[in-house]
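Number of protein chains: 2
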Amino acid sequence: MTLAGALSKRENDATALGILARSKALVHPALLTATRQLDDELQRVIGHHLGAGGKYVRATLALLSARAAGVSERVGLPGAIAIECVHNFSLIHDDIIDGDVERRHVATVWAKFGIGPALIAGDALSALAFQLLLDAPTEERVHAAQRLADATQAMIVGQAEDIASEEELSLTVEECRRMEAGKTGALLSCAASIGAVLAGASDVLVENLSRYGEHLGLAFQAVDDILGVWGDPSVTGKPVGNDLRLRKKTLPVAIAYAKGFDVLAVSSSPNERELSHAEVSEAIVLLEESGARYETQELAETELHAALAALDRATMEDSARSELAVIARYVIERDQ
Amino acid sequence: MTLAGALSKRENDATALGILARSKALVHPALLTATRQLDDELQRVIGHHLGAGGKYVRATLALLSARAAGVSERVGLPGAIAIECVHNFSLIHDDIIDGDVERRHVATVWAKFGIGPALIAGDALSALAFQLLLDAPTEERVHAAQRLADATQAMIVGQAEDIASEEELSLTVEECRRMEAGKTGALLSCAASIGAVLAGASDVLVENLSRYGEHLGLAFQAVDDILGVWGDPSVTGKPVGNDLRLRKKTLPVAIAYAKGFDVLAVSSSPNERELSHAEVSEAIVLLEESGARYETQELAETELHAALAALDRATMEDSARSELAVIARYVIERDQ
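So the protein sequences, as listed, match chains H and F. Here our numbering is used: the first residue of the first sequence is 1, the next is one more, and so on. Here our numbering is used: the first residue of the second sequence is 1, the next is one more, and so on.
If you're looking for bench data, these hints aren't it; they were derived computationally from the structure. Note that the structure is a prediction, hence the values are computed from the model and not measured. Some clues are possibly wrong.
Think about it this way: if two alpha-carbon atoms lie no more than 25 angstroms apart in a straight line, the pair counts; the simulated SDA-like pairs of lysine to any residue are [to be verified]:
(1) H:Lys248 - F:Asp39
(2) F:Lys248 - H:Ile115
(3) F:Lys112 - H:Lys55
(4) F:Lys112 - H:Glu301
(5) H:Lys55 - H:Lys112
(6) H:Lys55 - H:Val266
(7) F:Lys112 - H:Ser170
(8) F:Lys248 - F:Glu272
So here's chain H without its partners, still in its complex pose:
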């Protein structure tokens, strides 16, 4: 925590990018190697997706959590690969569900290859995660696989709640947070502890690393929700107010609703799936008036502090703790 606290944003960003690049250099090739057991066509489809980039935040947490437990990052590698398999399976399927045609300025899998091949590619990555962990089933790997299965299911349930909320007029702030804890928090929590699980670390350490990941997930998602309304389109690669356009029940919308601002009611045609450009602008004005932007930012910072507090509660290797703190701060201060 000292390191994260002592750095300027620019220094913290540079440090974080260095850590992420180091993990990516380790995990990306290992992930491609793991997909070689699939057939050529699946490899081509998955290769296109993985080639589009990605920051490897989850893989980084997995590796750092092994170091936190006092062992080499290599011990966390199978966990890092498995987590990235599940994460990328969810991205590929989410793009089908949301009808998104670009991700990181590259065509999404379904847009390039069709819904069938994209669906199958996601399914293959999902099964691959469990194959990798159960291939040489030590007690630690089985425990990791068990936790990954639970986290994957929590993520899927969160995603289902997210879809179901499209039909609802509003969510309470609590419902929204619960949905986001599943959708984003569960896999981050699993990632931030899987290396320690593979290292056979104590329950206390595993528990505190999980908490760190859970709070980080909620902070991450709150920032995502802010960027979904106020993000710079030239940086995020998405239209202005993209989440509002899609009528998403995000934190700012739920917070505003609780204060009497029914932001999505600006729509004059409730049966249209999307808000018009003018309606999005009007919704943004209402959100600003309600103070929801500031409150969502506050929530993100509260979660960041809770994540850092969880790190401080457990005994762990110091440099790993510092780097986990740097990653957390980087995630919260990002603008894309």
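For chain H, the structure is supplied; the task is to place chain F on it using the hints.
The following block gives chain F in isolation, referenced to the frame of chain H:
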């Protein structure tokens, strides 16, 4: 084998239906109970799919394989439920991929709820299978989960090859069989041995039950291919020559092609996704001329005998062996 051999088709069918009904009565409620850990909306979507019926062939094999190993069918139950989770996940996703709007005369999941909810429901069932087996990870359950992950991946790869073959002019008979061994054989092989694995049976028994399932899968798929061309629409619930209409590279088509009959070349508009009604009729005439129907039927019977031979090679509880033989014969003689 004696029992299967001594019965008339009608007697064998009746015996098989009794065995299947008994398994369904055990597994169907247990499967619904397992889905209760998901959220209400997912339960509703999955409940619609499971409510449409299903013969529970795979669950039955799982239960019988426990009995084959000399223990109660109850020991195989977690395996039976997990296998049905994976099987139903694949059906729900396949219906999206194929654009099928009905299954067993009921609206498919995507047709009723949309692609997003169907995709998510399949994902949830897939993760649930591993959650169930890893929940209380004894050595036997971990072994079962490992085999299920491998079988699931083989099924997915077979499905990917099936989709990729749509772009190809033809498959060799060998390519077609390999694809079908993955698409159908892998999960049946896992089902037919998972109860024995959970019972901690010998490698020899597990191996022979797997072989039985693998051959049964190939026989099953050969019969499926015959019904896809010559099945009675009033019984199968699908249009005449449905597989031909969709230009599927099935066994009869591959066998005919190897003999110089390019059945799918009847199409005058190669860019259309589907064959016309007249083209389907013409393709059926060509298939008949080639003798492919008879040869596919012969292949199914050869695989049935190989399945029964695998059963006879291992020491196992006699009534389970008889019932596995009855199920195999039933599957091959079915007309839907």
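Check your understanding: Has the given pair, lysine 248 of chain F with glutamate 272 of chain F, been kept, meaning a C-alpha gap of at most 25 angstroms?
Key -> holds, 13 angstroms
Review point. Keeping to a limit of 25 angstroms between CA atoms, is the pair of lysine 112 of chain F and glutamate 301 of chain H held or broken?
Key: Violated, at roughly 42 angstroms.
Check your understanding: For the pair supplied as a hint, lysine 248 of chain F and isoleucine 115 of chain H, is the alpha-carbon distance within the 25 angstroms limit?
Key -> holds, 18 angstroms
Exercise for review: Please work out if lysine 248 of chain H and aspartate 39 of chain F have their alpha carbons no farther apart than 25 angstroms.
Suggested key: Given pair lysine 248 of chain H, aspartate 39 of chain F holds - Cα atoms ~19 angstroms apart, limit 25 angstroms.
Check your understanding: Is the hinted pair lysine 55 of chain H and valine 266 of chain H satisfied, with a Cα-Cα distance of at most 25 angstroms?
Key -> Violated, because 36 angstroms separates the two Cα atoms, which is more than 25 angstroms.
Exercise for review: Given the hint that lysine 112 of chain F pairs with serine 170 of chain H, test it: the Cα-Cα distance must not exceed 25 angstroms.
Suggested key: Since the Cα atoms of lysine 112 of chain F and serine 170 of chain H sit roughly 24 angstroms apart, the hinted pair holds (cutoff 25 angstroms).
Check your understanding: When you check the alpha-carbon spacing of lysine 55 of chain H and lysine 112 of chain H, does it fall within 25 angstroms?
Key -> holds, 22 angstroms
Point to revise | Given pair status - lysine 55 of chain H, lysine 112 of chain F, alpha carbons within 25 angstroms | key: Outside the cut-off at roughly 37 angstroms; violated.
Violation of the numbered hints given earlier is confined to hints 3, 4 and 6; the remaining hints are satisfied by the structure.
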